[in-house]
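K.L.:
The residues making up each chain are set out below.
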Amino acid sequence: MTMLELKAVNKFFNGWQAVADVDLQVAAGELAVLIGTSGSGKSTTLKMINRLIEPDSGSIRLAGEDIRSQPPEVLRRRIGYAIQSVGLFPHWTVEQNIAAVPSLLKWPKARIRERVVELLELLHLPAAQFLARYPHQLSGGQQQRVGVARALAADPEVLLMDEPFGALDPVTRGTLQQELLRIQALSGKTIVLVTHDIDEALLLGQRIVLMDKGRVVQQGSAQDFLLHPASDFVRDFVGQSDVGVRLLGLDTVASRMRPLQPVSGEPIAASATLREALSAFVARRVSSLPVIDAQGQPAGVLHFADLLPVAA
Amino acid sequence: MKPARLPAALWLSSGLLLALLYLLPHSAGLFAWLFPEVERPLYTQDSFASLVLAHLLLVLASSLIAVLGGVAAGLLASRPAGREFRPLLDSVLAISQALPPVAVLAIAAPLIGFGEWPALIALVLYGLLPVTQGTLAGLASVPDSVLEVARGLGMGRWRILWQVELPLAAPVLLAGVRTSVVINIGTAAIASTVGARTLGLPIIVGLSGFNTAYVLQGALLVALLAIVADQCFDWLAHRLSPHVGVEH
Numbered sequence: 004m005t006m007l008e009l010k011a012v013n014k015f016f017n018g019w020q021a022v023a024d025v026d027l028q029v030a031a032g033e034l035a036v037l038i039g040t041s042g043s044g045k046s047t048t049l050k051m052i053n054r055l056i057e058p059d060s061g062s063i064r065l066a067g068e069d070i071r072s073q074p075p076e077v078l079r080r081r082i083g084y085a086i087q088s089v090g091l092f093p094h095w096t097v098e099q100n101i102a103a104v105p106s107l108l109k110w111p112k113a114r115i116r117e118r119v120v121e122l123l124e125l126l127h128l129p130a131a132q133f134l135a136r137y138p139h140q141l142s143g144g145q146q147q148r149v150g151v152a153r154a155l156a157a158d159p160e161v162l163l164m165d166e167p168f169g170a171l172d173p174v175t176r177g178t179l180q181q182e183l184l185r186i187q188a189l190s191g192k193t194i195v196l197v198t199h200d201i202d203e204a205l206l207l208g209q210r211i212v213l214m215d216k217g218r219v220v221q222q223g224s225a226q227d228f229l230l231h232p233a234s235d236f237v238r239d240f241v242g243q244s245d246v247g248v249r250l251l252g253l254d255t256v257a258s259r260m261r262p263l264q265p266v267s268g269e270p271i272a273a274s275a276t277l278r279e280a281l282s283a284f285v286a287r288r289v290s291s292l293p294v295i296d297a298q299g300q301p302a303g304v305l306h307f308a309d310l311l312p313v314a315a
Numbered sequence: 143m144k145p146a147r148l149p150a151a152l153w154l155s156s157g158l159l160l161a162l163l164y165l166l167p168h169s170a171g172l173f174a175w176l177f178p179e180v181e182r183p184l185y186t187q188d189s190f191a192s193l194v195l196a197h198l199l200l201v202l203a204s205s206l207i208a209v210l211g212g213v214a215a216g217l218l219a220s221r222p223a224g225r226e227f228r229p230l231l232d233s234v235l236a237i238s239q240a241l242p243p244v245a246v247l248a249i250a251a252p253l254i255g256f257g258e259w260p261a262l263i264a265l266v267l268y269g270l271l272p273v274t275q276g277t278l279a280g281l282a283s284v285p286d287s288v289l290e291v292a293r294g295l296g297m298g299r300w301r302i303l304w305q306v307e308l309p310l311a312a313p314v315l316l317a318g319v320r321t322s323v324v325i326n327i328g329t330a331a332i333a334s335t336v337g338a339r340t341l342g343l344p345i346i347v348g349l350s351g352f353n354t355a356y357v358l359q360g361a362l363l364v365a366l367l368a369i370v371a372d373q374c375f376d377w378l379a380h381r382l383s384p385h386v387g388v389e390h
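Chains A and B, in that order, give the protein sequences.
According to my numbering, the first sequence holds residues 4 to 315 in order.
According to my numbering, the second sequence holds residues 143 to 390 in order.
Just so you know, these hints were derived from the structure itself, not from any lab.
For glycine and all other residues, C-beta sits at the position ideal for the given N, C-alpha and C.
There may be inaccurate statements among the hints.
Cβ-to-Cβ under 8 Å is the rule here; a few derived chain B residues that face chain A [what the hints assert, rightly or not]:
#, residue
1, 293
2, 295
3, 296
Chain B regions said to be covered by chain A (calculated; three or more residues, Cβ under 8 Å) [stated by the list, open to error]:
#, stretch
4, 240–253
5, 345–358
When you get a sec, could you build the whole thing from the sequences and use the hints?
P.N.:
In structure tokens, the structure reads:
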């Protein structure tokens with residue numbers, strides 16, 4: 004089922020075309036990543052979905068319904084929204100911030116409290132500790148967790164995220180990216196995320212949409228981008244010289260390991276990417292690695308040669 | 143929530159004011175000793191309490207109008223529809239701010255005549271400026287990201303104004319109101335020159351009659367009144383912004 008459909012969408016700012024003839028379909032439960040350099044029109048495209056920006060022509064449908072068929076405020080309460088600078092209300096507690104949309108929708112108080120606690124647990128912020136805090140008492144990563152919780156609060160049909168992890172340090176960013184994947188797997192939410200970071204796009208995007216000068220240049224899976232770039236621009240964007248390494252980042256050790264053979268040495272987790280495995284081979288100067296599963300039990304072995312895909 | 147305890151400075155200054163109000167009528171002896179050359183050392187034409195009341199009334203009335211008008215002007219100029227008035231408002235503010243309060247009174251009296259009205263009008267005019275500026279600066283201090291998210295979450299324009307913009311602008315806005323009121327307390331004293339009944343009366347009468355004791359009595363009360371008002375705002379400002387608190 005198509006959750007979100009953009010057809011021939013155009014947007015001009017003072018005669019300059021920010022978005023040109025964009026067609027886009029996002030299936031229900033899909034995580035789509037809009038990627039491009041600044042000025043590529045990706046953020047504008049995102050903001051047209053919740054009508055923060057109105058398109059000049061074209062149509063946008065949410066769950067089959069034209070988004071102009073209801074007042075923007077009503078539409079926006081059906082769509083979660085999280086941005087890079089988070090934008091938590093500084094005069095509201097964490098609880099009040101997360102409860103923003105449920106309150107607008109006039110949920111009963113008890114249900115709101117229940118939902119807020121549930122979301123805090125989902126994002127690994129102990130409710131007892133965080134409910135009554137104000138945003139200035141949180142770290143950057145915690146603030147963005149609250150921002151994501153707020154965006155998810157009213158169980159929106161679609162979640163829009165505008166470079167949500169852009170302002171975070173690499174470690175926190177990596178953690179939150181994993182959490183987003185976990186939440187998406189758990190909730191099956193349709194997510195549209197904007198980023199300029201190709202590694203983030205390759206990691207998160209089930210569908211990646213590359214934009215340049217307002218146009219969609221290529222869309223498809225991470226493999227498509229790495230193996231079949233549509234143009235030199237795409238090839239440059241995904242980083243020509245790192246394509247091999249990035250391809251390894253798409254698969255896990257579990258997908259290439261062989262059945263158990265006794266190998267000594269420090270083990271690697273089955274859930275690690277092949278990119279991490281490559282790093283381990285080189286750093287430890289070994290040609291085979293024992294693999295362990297999530298429980299820490301031996302699961303198999305990975306040889307250096309296994310990094311090369313078997314011809315399909 | 144922080145306890146609604148009044149700070150010591152506020153207790154002290156308002157206590158002093160009340161004590162002074164009670165003791166002044168009984169202090170003829172003290173002032174006779176301080177100013178032996180003065181024939182009548184204690185101002186008795188009006189009771190000090192009634193003057194304080196009249197003074198406060200004039201300040202309250204003018205400040206109320208100034209706050210309503212100033213906030214409205216600031217809000218208007220910060221909305222998309224009123225944005226073109228912003229440069230005009232800015233230059234009017236800049237010019238008016240350059241005028242000393244006495245000058246505003248001096249212009250108002252010949253135009254409107256003597257009494258409470260020119261005083262009220264002059265006080266309102268002068269009080270408008272800090273409030274408008276405070277409102278504009280306060281609204282400008284609200285981060286764009288917060289406004290974007292407020293819209294993105296589905297808040298309407300009025301809700302954003304009441305629940306997000308005004309509360310976040312409140313500390314800076316309140317600072318403008320504070321300046322306005324404290325200045326007005328002082329300016330209201332000068333308003334006695336145009337015939338308004340305020341704590342400025344003993345000062346004016348004293349100045350024209352070379353009675354330093356009168357001047358001192360009026361000035362002491364005006365100064366204390368201004369300090370009490372300032373302390374009230376200080377306390378209010380802390381109460382209004384628990385989220386920027388330095389509490390540990």
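K.L.:
Work down the list of hints and note, for each, if the structure agrees.
P.N.:
Do the hints match the structure? See the list:
A hinted interface residue such as residue 293/B counts as satisfied when its beta carbon comes closer than 8 Å to some beta carbon of chain A; here the least separation is about 6 Å, so the hint holds. For residue 295/B, the interface hint holds, since its Cβ comes within 8 Å of a Cβ in chain A; the closest pair sits about 5 Å apart. With 8 Å as the threshold, the beta carbon of residue 296/B comes within range of chain A, its nearest partner Cβ sitting at about 4 Å, so the hint holds. With 0 residues having a beta carbon nearer than 8 Å to a beta carbon of chain A, the stretch 240–253 of chain B misses the requirement of three or more and the stated coverage is violated.
Only when three residues or more bring their CB closer than 8 Å to a CB of chain A does the claim for the stretch 345–358 of chain B stand; here the count is 0, and the claim is violated.
Violated hints for the displayed structure, listed by number in ascending order: 4, 5.
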